[in-house]
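Protein chains in written order, with the numbering used here: chain A, 1 to 575; chain B, 576 to 1014.
Simulated from the structure, these hints should not be mistaken for lab results. There could be a bad hint or two in this list.
Below, a list of computed lysine-lysine pairs in the DSS-like style, where the Cα atoms sit at most 25 Å apart [as the list claims (entries may be wrong)]:
{"id": "1", "chain 1": "A", "residue 1": "286", "chain 2": "B", "residue 2": "715"}
{"id": "2", "chain 1": "A", "residue 1": "483", "chain 2": "A", "residue 2": "467"}
{"id": "3", "chain 1": "A", "residue 1": "178", "chain 2": "B", "residue 2": "654"}
{"id": "4", "chain 1": "A", "residue 1": "467", "chain 2": "A", "residue 2": "400"}
{"id": "5", "chain 1": "B", "residue 1": "640", "chain 2": "A", "residue 2": "178"}
{"id": "6", "chain 1": "A", "residue 1": "91", "chain 2": "B", "residue 2": "654"}
{"id": "7", "chain 1": "A", "residue 1": "329", "chain 2": "B", "residue 2": "640"}
{"id": "8", "chain 1": "A", "residue 1": "178", "chain 2": "B", "residue 2": "689"}
{"id": "9", "chain 1": "B", "residue 1": "715", "chain 2": "A", "residue 2": "268"}
{"id": "10", "chain 1": "B", "residue 1": "690", "chain 2": "A", "residue 2": "178"}
{"id": "11", "chain 1": "B", "residue 1": "640", "chain 2": "A", "residue 2": "91"}
{"id": "12", "chain 1": "A", "residue 1": "178", "chain 2": "B", "residue 2": "715"}
{"id": "13", "chain 1": "B", "residue 1": "654", "chain 2": "A", "residue 2": "329"}
{"id": "14", "chain 1": "B", "residue 1": "771", "chain 2": "B", "residue 2": "651"}
Nothing here was measured: the structure is a model prediction, and the numbers come from that model.
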Amino acid sequence: MTNYTPTALAGRRLPNRWDGVALLLVMGLLVALVEVGRSTISAPITMVQNTPIHLDPAYLPYYALRSTARMFAALFFSLLFTLTYATLAAKSRRAGMVLIPILDILQSVPILGFLTFTTVFFLGLFPGKVMGAELASVFVIFTSQAWNMAFSFYQSLTTLPNDLQEASRCFRLSPWQKFWRLDVPFAMPGLVWNTMLSMSGGWFFVVASEAVTVGNTTFTLPGIGSYVATALAQENLKAIFYAIVAMLVVILLYDQLLFRPLVAWSAKFRFETTATATGPEPWMLKVLRRTALFQEIGDFIGAGMRSITRLRLALPARTQIDENREPSKLLDGIWFVAIALVAAYAAYKIVQFVSGTLHWSDVGTAVLMGSFTLLRVMVLMVIAALIWVPIGVWIGLRPKATRIAQPIAQFLAAFPANLLFPPVVLAIVYFHVNPDIWLTPLMLIGTQWYVLFNVIAGAAAFPGDMKEAVANFHIKGFLWWRKVMIPGILPYFITGALTASGGAWNASIVAEVASWGSTNLAAHGLGAYIAQATAAGDTPRVVLGVVVMSGFVILVNRILWRPLYTYATRRTTLG
Amino acid sequence: MDQNITQPLVTVRNCRQAYHKEASADLVVLDDVDLTLHEGEIVALLGRSGSGKSTLLRIVSGLLKPTAGEVKWRGKDLKGPAEGVAMVFQSFALFPWLTVQENVELGLEALGVKKDDRDERSEEAIDLIGLGGHDTAYPKELSGGMRQRVGLARALVVHPDLLLMDEPFSALDVLTAETLRTDLIDLWMDKKLPVKSILIVTHNIEEAVLMADRILVFSSNPGRVAHELQVPFPHPRNRYDPAFRQMVDDIYGIMTRRPPKEVQAVPTVPSGFATPLHHVGTNLMSGLMETLNSAPYNGRADLPALAAALQYEVDELLPLGETLSLLGFAVLEEGDLILTETGKRFAEGETEDRKEIFAAQVKAHVPLINAIRAVIDQRSNHRASAVRFRDELEDHMSPEYAEETLRTVISWGRYAEIFEYDEEAQQFGLEEDDEEEEA
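Based on the provided sequences and hints, a complete structural model is requested.
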């Protein structure tokens, strides 16, 4: 399977003042969102007519369809965002200075903590309409997808091969033509891969965003997520089982009809000069490629696309590179001052927002809670590594097992783990065990698969000649792990571990508190802190919790994962 | 457009291309270059890598704006890629996600040519260049030679007045390159090419003499036109013709001649400290010295003959010869490479003798190595950061040359066992035993 550097690892930038500016801007944006949301809460909300959710399984296909539709709506906006935001960041030096650090921060913000505010915000936009709630849900899914897609596209745009760029300029393609002929195709494999990862992760947010409680009102949108929420409230275990089955079917369809064909198709755009051996063509792609009807439809769409992308739409563009041209100092100055002013205003707003109710001790509490969650995540990572690394290596070294296990691991990674929470919660309630310990594994249920499938990919990619050399010198046992296998899979393992731990932070907001009927369980941690503050309507603490969590995620990425990944890729690759 | 026969296609006057460096002097890539191109001629820009010939090609194409000087296309100032100029790239620069036909049509699309016209013209170019039947193939399915044919067809389909070729055959094997060259010249002689003039950049002397009507030989550091030669032979040319061989030999002589001293203008800290070094491995040097020392060369080889025997191109052989002469193992004289007494001893020595001889030569001729060793010895912990040496080198040469020079010094220093290098820490150090001795 193709392996791409996760977007949170790829930046080799050191933290600089732009990160501080970006942090202020993002936080200011969140505060603004909350402010607007809060002012709407205080006004009497025109009651949205709540569609009742039926627990009859016959309704499930319809609900599944609605959930999927939300997913695709979010995907559409994510693509739109990716193509514009990343292009702007890559083509304009000044815009890039701000936009990229902002994206980096946004990547680490646990948006689940803001579910209430975004819901209220969008409800305020469309008072009394279901549209508001729908958009709020789509927005949450969007925020779970867009950032890494935009990052991937941006990275492709900054690594365009020089000779193709020269050819485009020499043959005088207009910027619009170049965008569709060079930029987008070159970025395609990475973009498709990241889009599919985003979609896989997105199911989790679909489920989480369909039933949102604001104050005393719970807004439900018809979908699998709200179905589960209703089942939980009514303590209906059978309905939860139906929902899990329905979700399995949806993901299976998504995996077979979309994920695999798209990834295989995108290999066509891989920038390589020799034809490399590729795996078997997914059956869906085969059907699409070899059936006359589908071919005609494809040709029709392709022709339409081509005639649009072929338009010149010429804007004046600089086609001659002048190495000695200095950027205008004056414009730079104006730009910096403008950004500084906006950042200062954001800082002022944040202080104003926080100073009324919060004390420094609150920060201390939040950081302490964060440390608990950090401890959980780290312990979980160690356990996951101990379990999945040996299994993954065993599978990866056996091509037959790999062919079977790899798709299953990817499939499981897409399955929204929050559907599996109820049985675990039920067990905790039944056995009266400590929720501080036993709620913990929920955080990693969904994301541990990233560790597994990356380790499998790493072991499968281990060079054959090195395997032979190792066998020839009779390297076995502990030495084999220490000198051969662990260095061999290290970059892959770190890729998986980063994805898993990032997901775990986000999941903590829903995993550290759980309820079954009227029983509420809570563990000590930042996720529970945010969830409880949300339930209590204590907005400053929600903001504080989210800020502290973003800080933790950013720090762990910068201090642990990024240096580790750089070290691993440098030490374990030849040349 | 005004079809004035006497008006040249391109004129370049006093062209200078320099990269601004913060530390000290600007890095000059091209200095005071003049070039005039007329209709009906093939001109070759011949020079070593780093002589700025490709930069000049990009300036002529309008892709790059020179730091100073005047570039005119058909009498008008050139501002950006001109209509009527098409380029063929060393790396082919084909779009891997487009079929052969789509690649060829690229330039026509940019011109907004209608579909029927596009089909007809691309078909014509594909057939002309011998690609018929490959229309729907993707570049990665084709061999290198076929790929460069696509590159040619893509350039020809827009019917350019001037065809620019940037080392078009250097990524191909010898036989394929020969076929493509011959095909191109045949089409040119039969007046089937829809172009008026060709400007080709190459480092291959024979290629230049085979194809061009006029050759501009570049000198390096900074790039200048050192010589201009007319090639008097009619096509098709015979590379075994004595007059042809003589011309190739003469150009070898020109290219191995010591550059005039005034080039190394700014004298720098410890003298010779900042000589750019080519990364030539010690194995390669040993191999070449052994070859030179044995029959049939017996210590003296004619460069063109040696290049042919070893299947090297001038661009690969010259840095090798220069490195040997820098270290005092050989002497370069008018296109000949002559082994010195030291070189002879090295070639006949065993591994340990060789290391000793090599260490002595390096210490005598590469001041940078001595400087590094001196700093290591001064430090109490016997370690020295590579960063400061790289910074110092970058004051005198481009970052790429500085990197290559440093890499060369590291590999020579390791072989001669003068110091060790820790890539992780980017630090020079001493071997364990050495350190004990010192202490």
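Cross-check of the supplied hints:
1. Between residue 286(A) and residue 715(B) the CA atoms are separated by roughly 21 Å; this keeps the pair inside 25 Å, and the hint holds.
2. The straight-line distance between the Cα atoms of residue 483(A) and residue 467(A) is roughly 12 Å, inside the 25 Å bound, and the hint therefore holds.
3. Between residue 178(A) and residue 654(B) the alpha-carbon distance is near 20 Å, which keeps this suggested pair within the 25 Å criterion.
4. With a CA separation close to 17 Å, the supplied pair residue 467(A) and residue 400(A) stays within the 25 Å bound.
5. With a C-alpha separation of about 21 Å, the suggested pair residue 640(B) and residue 178(A) falls inside the 25 Å cut-off, and the hint holds.
6. Only pairs whose Cα atoms come within 25 Å are accepted, and residue 91(A) paired with residue 654(B) is accepted, the gap being roughly 21 Å.
7. Restraint check for residue 329(A) and residue 640(B): the C-alpha separation of about 21 Å stays at or below 25 Å, so the hint holds.
8. For the hint pairing residue 178(A) with residue 689(B), the CA-to-CA distance comes to about 18 Å; that is within 25 Å, so the pair holds.
9. With a CA separation close to 10 Å, the supplied pair residue 715(B) and residue 268(A) stays within the 25 Å bound.
10. Of the supplied pair hints, the one linking residue 690(B) and residue 178(A) holds, its CA atoms being roughly 19 Å apart against a limit of 25 Å.
11. Between residue 640(B) and residue 91(A) the alpha-carbon distance is near 20 Å, which keeps this suggested pair within the 25 Å criterion.
12. Distance check on the hinted pair: residue 178(A) and residue 715(B) sit about 21 Å apart at the alpha-carbon level, within 25 Å; holds.
13. Under the criterion of a C-alpha separation no larger than 25 Å, the hint pairing residue 654(B) with residue 329(A) is consistent with the structure, at around 24 Å.
14. Restraint check for residue 771(B) and residue 651(B): the C-alpha separation of about 18 Å stays at or below 25 Å, so the hint holds.
This entry satisfies every hint, going by the numbered hints stated previously.
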